[in-house]
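*Asks:* Given only the sequences and the hints, what does the whole structure look like? Please build it.
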Amino acid sequence: MPDTHLPGRRSVLAAGAAAAASLGASWLLTGCTGAAAAPGLTAAALPGTPDPGGTLRIARPPASDAETLDPASSLSAYEYLGALYNRLVRVGADGELAPDLAESWESDAKARTWTFRLRKGVTFHDGRAFTSADAAYTLRHILDKATASPQAAVLAPLVDPGTLRTPDAHTLVVPLKTPNAEFPSLLTHYNCYVIPDGSAKGIGRTGTGTGPFKLESFAPAGPGRVTANKDHWAGRPVLDAIAFYSVADMSARAGALLAGQVDLLSQTNLDFATARVVAASDRATVTRVKDAQWYVLPMLTTEKPFTDVRVRQAMKLAYDPEHVVKAALQGAGTAGWDNPVPPSDPAHIAAHPAHDPEQARHLLKQAGHEGLTVDLYTSSYDPLFTPMALAYQDSAKRAGIRIRVRTAAADSYYTQIWMKKPLMATYWFTGRPVDQLFTQIFRSGSSYNETAWADKEFDVVLDRARAETDDTRRRELYGEAQTLVIERGGAMTPMFADRLVGISREVRGYAEHGFEFDYLSIGVKGA
Amino acid sequence: MLSFTLRRLASAVGTLFLSSVLVFLAVQALPGDVATQILGKDATPDAVAALRQQLGLDRPAWERYVDWIKGALHGDFGTSLVSGKGVGGEVAQYLGNSALIAFVTVLFAVTGSLVLGVLAGLYRDRWPDHLISTVSLVGMSVPEFVVATVLVLCFSVALPWFPAVVLYGPEAGVGQLLPAVWLPALALAVVMAAYIVRMARTSVIDVMAGEFVTTARLKGLSTWRIVTRHALPSALLPTLHVIALNVAWLAGGVAVVENVFNYPGIGKLMLSSVQNRDLPVIQAIALVSAVIYVVCNLAADLGAMALNPRLRTRGRTR
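Chains A and B, in that order, give the protein sequences.
Mapping of the first sequence onto my numbering: residues 1 to 527, in sequence order.
Mapping of the second sequence onto my numbering: residues 1001 to 1318, in sequence order.
To be clear, the hints were calculated from the coordinates, so they are not data collected in a lab.
None of the hints are false.
With a cut-off of at most 25 Å between alpha-carbon atoms, the simulated DSS-like pairs for lysine-lysine come out as follows:
1. A:LYS421 with A:LYS365
2. A:LYS525 with A:LYS230
3. A:LYS420 with A:LYS456
4. A:LYS201 with B:LYS1085
5. A:LYS420 with A:LYS304
6. B:LYS1085 with A:LYS145
*Replies:* Below, the structure written as structure tokens:
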């Protein structure tokens, strides 16, 4: 999902149309029920415990017609992964690392060699025992060029697949090329789910993992079904089965939920109009995943006028993130203050320069760009891009900056606009550990570095942080890195938006944060 | 009649060839190719180059086109760049599902709108005419996705009679798809009906003002008999072309409606293959649509000839 931004890819057909239709829909429904105001968007996850058993029906946007169950692939069917597989390490609800198939891990004093102690008595769905050979194979599979895994770019500079050692069946030793005290956090990525030794050829269809559910059927961009793995090492999941359905169009997904055909919409941030309709329905409601999407206005630091750091600073000081959250999100989110590390991340620092249009004006004058006029590209790819662009435009006026909002075609937005136009609107799903976030999106030369920002000092601070084995000191260094991104970087981060998730009123125990979905405790009432 | 038919067939083949070239060029002109579209944000230069080579996109466009045409002439439409499946089989599967919708739509639209059109024509300028004309105009003006959404809200959300979306993939059987066919068909029929209603109404008015109708009336025939035996066949004639064009329009109209209902038909396949720049699939669908257009028009021409003796004899003397 996440990196490739699935939600919109295929629902572009009528993103505008869908908006119009959902507006019509909300008008119709509110007209019918008479519940005119009362958006009801504040609903939290439904309280109470689920009954054991039952089938949960999830509607999901397909990654592609060629999607696969190979977790390492860029076309992996995201929702299946957490149900079928486990990772070595996952991210807990508190944002800290938590054990999954690895019970514990430690490094040498220099953070150059990592040792993972693996859980015993775990079996794959086909009955084979899980050992260190499978864990090592998973890493080699990700690093294999033929897999073309997006996570290879993060791991390849650190890990040489030839040096992995498995001293016994439940120990994996990973020597690193350069020290990294945050290495285990890089294995929490959704490309890093553990697959059986030697399974590369078939894993895309078999889905053989150690996870709480076993694969019953799977069709790329079609329906699929997983059933409870009664022998799961962490205990049996509450549900008997999960049925996954591919529904590319967002309004069609909402329709399926309203009609009671599905219970949960995955990877779907409902637009406000549709969310009101869903919340007003007696079958379904809306729950929020806090700060689930991270919105960015990247300034290409290789394009004028953003080559000048003063202009970048002025662009940031010129607008008020609180205004953007109010106007574009109707309050359903958190102001970003240009810091890409989400507030829920333990490494997040709260300090930031205050909104100061006068200072912005002054900086622009210094840089010779008084009364700056720039194009800001948006598209209907995501329903929040244009509201965010307009809110920025409105807020930056006070600093004398004139923004011309330009709308580009949604279906080629990420090939023609992203990383090509000097200023545009985009987003990521939050949930990357801080080291991965900085290495992947802010370090000079990375392929996801969407502002093409290259700052030697930042790279040095990042390297020092990675090599620092003292936890407190390391957090401080990641804090310094955040300060550099805020003060010099090209990315404006106006807001973190809550995801508005459409969910049946019968579902209990829904918990999702970042790229973590609790498949064990989710269930339905009266199953 | 024979030479006329042959000439029409020749021009049909020419149309098909031209449309395949145009579609090929249009897809080439779209920004981004299949490699960048598939990879999305993961499109690093290395990954794109590798995928491009793997898919044969590094060869010149005309070479790929010639290869494709050669294959198509032998009944081989190539393999999908995205799913890796044979295009012929894939398109046929989706097309079969769409045919189900198309059949029901045409049935609804043609019978319904002919009846309404004739009624409107017979009650010209009285309230049934005003009602039918207004409603059909509204149906024509509202985009099909709005009609579809309203139908979903009424008949699957408020009254749970029909499923709101299809949850099955393209391999679903008729039995699985049948409950889901009615709403999309109705949405398409509403949009389609307006044209046919207007046309049928106009022809009925024309015909009823004709001398032979007056003669029939003077002969003492009942209105029912005049309408069914004399007026209707003549009124059908101009309507036939409108129906044919509308059936052909269905090939495109389904794109939007099928996506709203997540119906695994040719429209959904078309949209996803355009978004993925899956050239062989787009080409095959374009060819199929062109065939549908040409065949519908041909059928309308030949049908008109069969119904109209004047046209038939003129064709013979030529």
